[in-house]
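Peer 1: Order-wise, the sequence lines are chains D and U.
In this text, residue positions in the first sequence follow our numbering: the first is 1, and each later residue adds one.
In this text, residue positions in the second sequence follow our numbering: the first is 118, and each later residue adds one.
Derived from the structure by calculation, the hints contain no laboratory data.
Be aware that a few hints might be false.
To be verified - Negatives, chain D to chain U, calculated, CB over 12 Å: (1) Q14; (2) N17; (3) S65; (4) K67; (5) E82; (6) P110.
Unchecked claim - Label pairs and their computed distance ranges (CB to CB): (7) D:R113 - U:D184: 33 to 39 Å; (8) D:N26 - U:H193: 29 to 35 Å; (9) U:S145 - D:D30: 23 to 29 Å; (10) U:S170 - D:G16: 48 to 54 Å; (11) D:S39 - U:I130: 23 to 29 Å; (12) D:E82 - U:R159: 23 to 29 Å; (13) D:K41 - U:Q198: 19 to 25 Å; (14) U:E122 - D:L83: 27 to 33 Å; (15) U:N119 - D:N79: 29 to 35 Å; (16) U:T195 - D:R113: 31 to 37 Å.
As the list claims (entries may be wrong) - Each computed BS3-like pair below joins lysine-lysine, with the alpha-carbon atoms no more than 30 Å apart: (17) U:K134 - D:K36; (18) D:K40 - U:K174; (19) D:K44 - U:K174; (20) D:K40 - U:K224; (21) D:K40 - U:K188; (22) D:K41 - U:K188; (23) U:K224 - D:K36; (24) U:K224 - D:K44; (25) U:K118 - D:K36; (26) U:K188 - D:K19; (27) U:K188 - D:K71; (28) U:K118 - D:K41; (29) U:K118 - D:K40.
A virtual CB, placed ideally from N, CA and C, is assigned to each residue, including glycine.
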Amino acid sequence: DTAVSQTPKYLVTQMGNDKSIKCEQNLGHDTMYWYKQDSKKFLKIMFSYNNKELIINETVPNRFSPKSPDKAHLNLHINSLELGDSAVYFCASSQDVGLAGAEDEQYFGPGTRLTVT
Amino acid sequence: KNQVEQSPQSLIILEGKNCTLQCNYTVSPFSNLRWYKQDTGRGPVSLTIMTFSENTKSNGRYTATLDADTKQSSLHITASQLSDSASYICVVSAAAGGGADGLTFGKGTHLIIQP
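Model the full structure from these sequences, guided by the hints.
Peer 2: This is the structure:
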């Protein structure tokens with residue numbers, strides 16, 4: 001009954017490869033997010049999707065592309081991986097966006113540790 | 118520029134003791150403030166979320182306070198347990214941006230509880 005799940009949990013790959021990380025939520029939420037947490041444990045938001053529409057896109061390289069086949073899924077595809085992409089990537093979801101209060105609460109997945117060699 | 122500053126950066130206390138973590142912010146206009154707990158190797162988990170009109174909110178042994186005038190929040194942990202060892206992240210939401218584009222994250226306080 002996991003609320004937000006990610007696969008894989010660990011991903012080790014070489015520079016230049018293309019990889020994807022999958023995320024699924026079974027909470028019926030309308031908005032999903034991708035975060036990057038660097039080695040200093042600082043969380044930075046990368047993307048969010050609301051009803052299959054990209055509503056924000058932070059200044060991340062265009063090698064990163066979110067893909068949402070449906071409301072319950074938001075996958076992260078990364079092209080031409082670089083050493084600096086090594087980090088933990090978290091997926092999250094929330095009921096809605098733009099509202100203050102409980103509806104705006106985010107639920108995070110367990111994270112995917114990406115190591116680029 | 119919206120900023121969230123947390124202190125201390127790290128803290129070590131003995132099991133059973135109380136502690137208080139601080140969060141100062143410059144986010145404007147203010148919508149709400151959240152405290153998250155992140156265990157090692159896990160995703161953040163929400164502890165409390167407070168809006169402008171709320172001064173205090175409790176979740177078990179965790180009590181968060183908010184002073185919107187001074188733009189300060191604190192997270193007080195009572196009778197600490199070994200399982201409280203984690204990073205605690207303060208997140209402030211700006212009213213204008215709403216959702217994720219209005220969120221500003223602190224760098225967290227790393228708390229270690231020693232037996």
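Peer 1: Evaluate each hint against the coordinates.
Peer 2: Hint by hint, here is what the structure shows:
no., hint, verdict
1, Q14, "holds (24 Å)"
2, N17, "holds (24 Å)"
3, S65, "holds (17 Å)"
4, K67, "holds (17 Å)"
5, E82, "holds (23 Å)"
6, P110, "violated (5 Å)"
7, D:R113 - U:D184: 33 to 39 Å, "holds (37 Å)"
8, D:N26 - U:H193: 29 to 35 Å, "holds (34 Å)"
9, U:S145 - D:D30: 23 to 29 Å, "holds (26 Å)"
10, U:S170 - D:G16: 48 to 54 Å, "holds (52 Å)"
11, D:S39 - U:I130: 23 to 29 Å, "holds (25 Å)"
12, D:E82 - U:R159: 23 to 29 Å, "holds (26 Å)"
13, D:K41 - U:Q198: 19 to 25 Å, "holds (22 Å)"
14, U:E122 - D:L83: 27 to 33 Å, "holds (30 Å)"
15, U:N119 - D:N79: 29 to 35 Å, "holds (31 Å)"
16, U:T195 - D:R113: 31 to 37 Å, "holds (33 Å)"
17, U:K134 - D:K36, "violated (33 Å)"
18, D:K40 - U:K174, "holds (29 Å)"
19, D:K44 - U:K174, "holds (26 Å)"
20, D:K40 - U:K224, "holds (8 Å)"
21, D:K40 - U:K188, "holds (25 Å)"
22, D:K41 - U:K188, "holds (24 Å)"
23, U:K224 - D:K36, "holds (13 Å)"
24, U:K224 - D:K44, "holds (10 Å)"
25, U:K118 - D:K36, "holds (21 Å)"
26, U:K188 - D:K19, "violated (42 Å)"
27, U:K188 - D:K71, "violated (36 Å)"
28, U:K118 - D:K41, "holds (21 Å)"
29, U:K118 - D:K40, "holds (22 Å)"
Taken one by one, the earlier hints fail for this structure at numbers 6, 17, 26, 27, listed in ascending order.
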